[in-house]
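Trainee: Residue numbers (this note's numbering), protein chains in the order written: chain A, 1 to 327; chain B, 1001 to 1174.
You may find that some hints are simply not true.
[As the list claims (entries may be wrong)] Label-pair restraints from in silico Cβ distances: (1) B/1053 with A/108: 49 to 59 Å; (2) A/174 with B/1157: 19 to 29 Å; (3) A/113 with B/1067: 17 to 27 Å; (4) A/290 with B/1123: 18 to 28 Å; (5) B/1053 with A/227: 39 to 49 Å.
None of these hints come from the bench; they were simulated from the model.
Glycine is no exception: its CB is placed at the ideal position from the N, C-alpha and C atoms.
Residue strings, one per chain:
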Amino acid sequence: MIEAIPTQFIIIFVGLLAVMAFVGLNAIVLVYLERKVAGFIHRRPGPYEVGPPCFPHGILQPFADGLKLVGKQLFTPRGADSILFWLAPMISIAPAIVCFIVIPFGPHLQIVNTNVGLVLILAFTGINVLALCLAGWASQNKYGLIGAARDISQGVAYEIPLLLVVLSVVFMTGTFNLFDIADGQGAWPWQWYIFYQPLAFIIFFICALAETNRNPFDLPEAESELTAGFHTEYSGMGFACFFLAEYAYMVVASCIIAILFLGGFQGPVLPGGWWFLAKVYVLLLIMIWIRWTFPRVRFDQLLNICWKWLIPLAVLNLLITLAVIAI
Amino acid sequence: MENLEYERLAWALLYGHIAIIVIGGFITVLSQNLVRALVGLIMTLFGVAGLFFLMAAPFIALMQILIYVGAVSVLIFFAIMLTSAWPGGDESGTISVRKIIFAGLAAIAPAIFLGMAAILKPPPSFLIPDEIEVGILGRFFLEDFILPFELISLLLTVAMAGAVVLAFEMRRKK
């Protein structure tokens, strides 16, 4: 009976399990990093004393956080649309896991090598906007609704420069295959595409911050004005799913930046997988650094940055790329 | 024996997708809440994307998800949020039987016509689909079918200009 199952299915199944473990592990590490870096920037120690003294520097804090979230009661607010309310966190986390199956973590470490890998990631990360607005709408809460409305206008606006910038890299390489894009770059930094497309890198990074709702663009959840925005009414694992999804999308965004602009798994001396992980974590640290350094932008500023600066610059970048390719 | 197993798997997948599309369609039509109807529509769109995957056209399937699920549905959602379409709105009253029959006929008619056309005059096709590269697809649009392709772009531009003009007129009235 077991021979009747095609090998490809088994690879995808095992790969998905591994990806889920990776997403969970990343969330644990990132929660700890975020709180420690925040503490460092605020000149305080951050989480410090959790559990017995043999675990220094509050290293058990993310586990305690996780246990707390698992143990909390699931609560559906009165008047909320209960089906959509609980569907939304699932729609948020599921596509994030799918995105990882096409990412080449190393020269031999990729679950599915497909010719449309980049399109797959763009398509599945777009679903998150839908999940967030379902959450905001279904919880029948004014803060949730405002958060959802903000998320739509932000997500739709920032998708345009993001796609234009991705297009300019795709025109340069002539493929959507993430492995080929990473493979086409050399081991040294001056052979990476950031050297050819510096403007594209900056635009992509800003758009990635906006698409993952990270500060300074965290308008949909803006805790100081909207309580918690779209996830105000969520408790326990409902909230944890959004939280996991946010960190998973951050990791996906960092992976894409690393592949498109920083050579992916290419690097001197060390084996590829470690280079990839190092690049991804440097990008994640920069994202955390930005979060605790810059204040949140106002909503009109957010849209002005996109429509008046990023989109024209992305179009210009695309036209210059095309001109250079044509010559 | 092994081929038979695969064939059964293929049929199961096909009917699974058809079931998703049909159930999503019924949710869209029958639910009284506009947002739930939208979720049904999204389910249908996902099912159609899955059918494209089964036909070995992953690029089109992903474009379906990117454009219809990621952009069009989200904009429909935005439009719903701008109206006051709460449950218990205009759609929640009882409907007469005559209306249901006419609506059913109107829904079945295109299905019958298209089905008849597909069965009586089947287009030439392969038993096992080929995956076509994105580059060939682009060439196809910009060489053989350039006129319809550009006409569609023109249509979209006109629609967008019309929307902008309408928005400005609404603002002037205020």
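Trainee: Could you check the hint for me, namely that residue 174 of chain A and residue 1157 of chain B are 19 to 29 Å apart, CB to CB?
Mentor: holds (28 Å)
Trainee: Does the Cβ pair residue 1053 of chain B, residue 227 of chain A satisfy 39 to 49 Å?
Mentor: About 40 Å separates the Cβ atoms of residue 1053 of chain B and residue 227 of chain A, which means 39 to 49 Å holds.
Trainee: With respect to the beta-carbon atoms only, verify the hint that residue 1053 of chain B and residue 108 of chain A lie 49 to 59 Å apart.
Mentor: Hint violated: Cβ distance 26 Å, outside 49 to 59 Å.
Trainee: Just to be sure I understand the hint, the distance between the Cβ atoms of residue 290 of chain A and residue 1123 of chain B should be within 18 to 28 Å; is that true here?
Mentor: Violated - the Cβ-Cβ distance for residue 290 of chain A and residue 1123 of chain B, about 54 Å, lies outside 18 to 28 Å.
Trainee: 17 to 27 Å was suggested as the range; check whether the CB atoms of residue 113 of chain A and residue 1067 of chain B agree with it.
Mentor: Hint holds: Cβ distance 25 Å, inside 17 to 27 Å.
In summary, the structure is inconsistent with hints 1 and 4 from the numbered list given earlier, while agreeing with the others.
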